[in-house]
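J.: So the sequences go chain by chain: A and B. Numbering-wise, the first sequence is residues 3 to 296 according to my numbering. Numbering-wise, the second sequence is residues 75 to 387 according to my numbering.
Hints in this document: simulated from the structure, not taken from any laboratory. Values in this document were obtained by computation on a predicted structure and should not be read as measured data. Using N, Cα and C, we set each Cβ at its ideal position, and we do this for glycine too. Some hints here could point you the wrong way.
What the hints assert, rightly or not - Not everything, but these chain A residues come out facing chain B in the computed CB check (under 8 Å): (1) 118; (2) 123; (3) 124; (4) 126; (5) 133; (6) 137; (7) 259.
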Amino acid sequence: MIMFRDITETISKLPKLAIYLVFFFFIIGLTGPWLTPHDPLIVNLLEAGVGPSAEHWMGTDHLGRDTFSRLIASARTSLVGMSLILAFALTIGISIGTLAGYQRGKVEEVLMRMVDVGQSIPSLIVALAVIGIFGTGYWNMVLALAIAWWPGFARVSRVVAVNVMNKPHIESLRVLGASPARIFFLHLLPTTIGAVLVYATADAGALALSIATLSFLGLGIQPPTPEWGQMLVDGLPFLESDPRQVILPGLALTLVVIGFNFLGESIALNRVPKPLSRLILKRRRFETNEWIKE
Amino acid sequence: MRKLVIKRARNAIILLFLASILCFTLVVSAPGNIAILIAELRTPGASTEAIHIIEEELGLNNPLHIRYFDWLSGVVKGDFGISYKTGESIGEAMAGRLSTTGTLVAGGFAVGFVLSFVLGFAGALRPYGFLDSLTRSVALLGASTPSFFVGAMLIYAFAVELSLFPTFGFVGPQSWVLPWITIGILPASVLSRIVRVGLEEAMSKPFAITARSKGLSRNMILLKDSLPNIAPTYINALGAQAAGMTVGTIVIEPLFAWHGVGDLFLQGVRFRDFMVVQAGLLIFVCFFIVLNLLVDIAVIMSDPKLRRQGGQS
Numbered sequence: 003m004i005m006f007r008d009i010t011e012t013i014s015k016l017p018k019l020a021i022y023l024v025f026f027f028f029i030i031g032l033t034g035p036w037l038t039p040h041d042p043l044i045v046n047l048l049e050a051g052v053g054p055s056a057e058h059w060m061g062t063d064h065l066g067r068d069t070f071s072r073l074i075a076s077a078r079t080s081l082v083g084m085s086l087i088l089a090f091a092l093t094i095g096i097s098i099g100t101l102a103g104y105q106r107g108k109v110e111e112v113l114m115r116m117v118d119v120g121q122s123i124p125s126l127i128v129a130l131a132v133i134g135i136f137g138t139g140y141w142n143m144v145l146a147l148a149i150a151w152w153p154g155f156a157r158v159s160r161v162v163a164v165n166v167m168n169k170p171h172i173e174s175l176r177v178l179g180a181s182p183a184r185i186f187f188l189h190l191l192p193t194t195i196g197a198v199l200v201y202a203t204a205d206a207g208a209l210a211l212s213i214a215t216l217s218f219l220g221l222g223i224q225p226p227t228p229e230w231g232q233m234l235v236d237g238l239p240f241l242e243s244d245p246r247q248v249i250l251p252g253l254a255l256t257l258v259v260i261g262f263n264f265l266g267e268s269i270a271l272n273r274v275p276k277p278l279s280r281l282i283l284k285r286r287r288f289e290t291n292e293w294i295k296e
Numbered sequence: 075m076r077k078l079v080i081k082r083a084r085n086a087i088i089l090l091f092l093a094s095i096l097c098f099t100l101v102v103s104a105p106g107n108i109a110i111l112i113a114e115l116r117t118p119g120a121s122t123e124a125i126h127i128i129e130e131e132l133g134l135n136n137p138l139h140i141r142y143f144d145w146l147s148g149v150v151k152g153d154f155g156i157s158y159k160t161g162e163s164i165g166e167a168m169a170g171r172l173s174t175t176g177t178l179v180a181g182g183f184a185v186g187f188v189l190s191f192v193l194g195f196a197g198a199l200r201p202y203g204f205l206d207s208l209t210r211s212v213a214l215l216g217a218s219t220p221s222f223f224v225g226a227m228l229i230y231a232f233a234v235e236l237s238l239f240p241t242f243g244f245v246g247p248q249s250w251v252l253p254w255i256t257i258g259i260l261p262a263s264v265l266s267r268i269v270r271v272g273l274e275e276a277m278s279k280p281f282a283i284t285a286r287s288k289g290l291s292r293n294m295i296l297l298k299d300s301l302p303n304i305a306p307t308y309i310n311a312l313g314a315q316a317a318g319m320t321v322g323t324i325v326i327e328p329l330f331a332w333h334g335v336g337d338l339f340l341q342g343v344r345f346r347d348f349m350v351v352q353a354g355l356l357i358f359v360c361f362f363i364v365l366n367l368l369v370d371i372a373v374i375m376s377d378p379k380l381r382r383q384g385g386q387s
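The shape of chain A in the complex, shown without the other chains (with noise of 0.2 Å):
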């Protein structure tokens, strides 16, 4: 229950449209294929590029197929895109950072200089070269992305590591006789963890604009997969006949952006005390003071 109170205490005091918007597109990612009234990948010739109808809500696109199921598939390929990309990100991220934070000296000098070297690369960047290297295809997107994310969260999760090492209760396990990896993995990884968590949540903006981004160029989802980016670039030839197939997909995009953009910003300006290394720290000191009383 304390965990729930918690969990409602933090959304509260994030600005609602954020909350709103961010919700309604991880509903709508959830949902998505509940939802369409028509199967987003079937081509129909014969209903190409009609407007709004009750049938089609949205009317259709150069192919006959149903823009109003279009935009909502998107939002699942997003979701479950941004999903993978930031597990492997974070994975990497938080290992390599953690370790940075833990092993102070050479390993972190070594490990530093390749986060610099990552970070002084904008990440659209990092992601084209990689693709251009490996090739298109959704599995090499989500590669090229997560090799471009994973730096920045290194570097938070080594100043939390940093911080947490620096503590009191970590000397005092020392003292205790807890063994290296307890202390690592117990104590020091789920701190970091929590905070990296809440870190990504402000990254993840700028992940789906990214995914988007790509995918707008060619290089992302691949059609026949429906992605705000593609349909945008896809409905770019017929702006003069037909601009809704460039303005519907990207006035959602801009939506989830802003957002997470939203969220990103409140979150920055600390009006959200890192909610899960707090819980996690909250369950730690309960844990410790159980051992005080053995």
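Since chain A is already given, all that's left is putting chain B on it; use the hints.
T.: Showing chain B alone in chain A's frame:
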């Protein structure tokens, strides 16, 4: 100050070196044999011997460190090798396209710089007033809208509906307006917030209150005394935005059918032309590292505390 600058420069050189190794390993680790690709390009259906000759020619059988230094000495002279697709020299192709990209970035830079001060000042004149909330919403919208969507909307409104500007192409100043605005909106939005927040912070400092009590008008203090205070933060953000704009060229050049360096890099990525990808990546990375160094130096120069203090940072 000099010590500080030298330290930053040394770090930049180390980064450049590491980045060049990164670019090199990226292509070396690429799947597929480069010699076969080139042989196919020269004569379709090339024999094994022809492939061996090309391998010798490119020094592909040499140890890695020798290949690296051969490649690096070529790069320093501006020789990036040849493109597998077109067979032309990448260095020459890049040089021919630099002016297009330069026009785009310079124009976007000017738009971002001017607009950021206009929006930022408009907000700071009367904090939390109508103009402030208006500029804040504009900035939030500008910072969150994808640049390709902004570009598409500008084309639709000003080129298709109003026919004021050409829809695409690089044909004289009239065709430059829309790309400039497209690329300049993001930096303008982000930087206007920096100006606005920085000015408000400076206005709450004791010196501003002293100036106010001496009878100076608020707008005068805003312009003359508070403005230099935001310089270090602003320059830092400006550097980050300049880097962002360079990335933006990759997206915006194809949208307006401009043939610049970003477009060349994108073609390289599309056709998996490793040499072009490598050259483009190296050029972008060098540009970012040098830009970061310049920003660091400019920040040190603009901050009196850092300027006077010796080596410590």
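J.: If a hint holds in the structure, say so; if it doesn't, say that too.
T.: Verification of the supplied hints:
{"no.": "1", "hint": "118", "result": "holds (6 Å)"}
{"no.": "2", "hint": "123", "result": "holds (5 Å)"}
{"no.": "3", "hint": "124", "result": "holds (5 Å)"}
{"no.": "4", "hint": "126", "result": "holds (5 Å)"}
{"no.": "5", "hint": "133", "result": "holds (6 Å)"}
{"no.": "6", "hint": "137", "result": "holds (6 Å)"}
{"no.": "7", "hint": "259", "result": "holds (5 Å)"}
Checked against the numbered hints given earlier, the structure satisfies every one of them.
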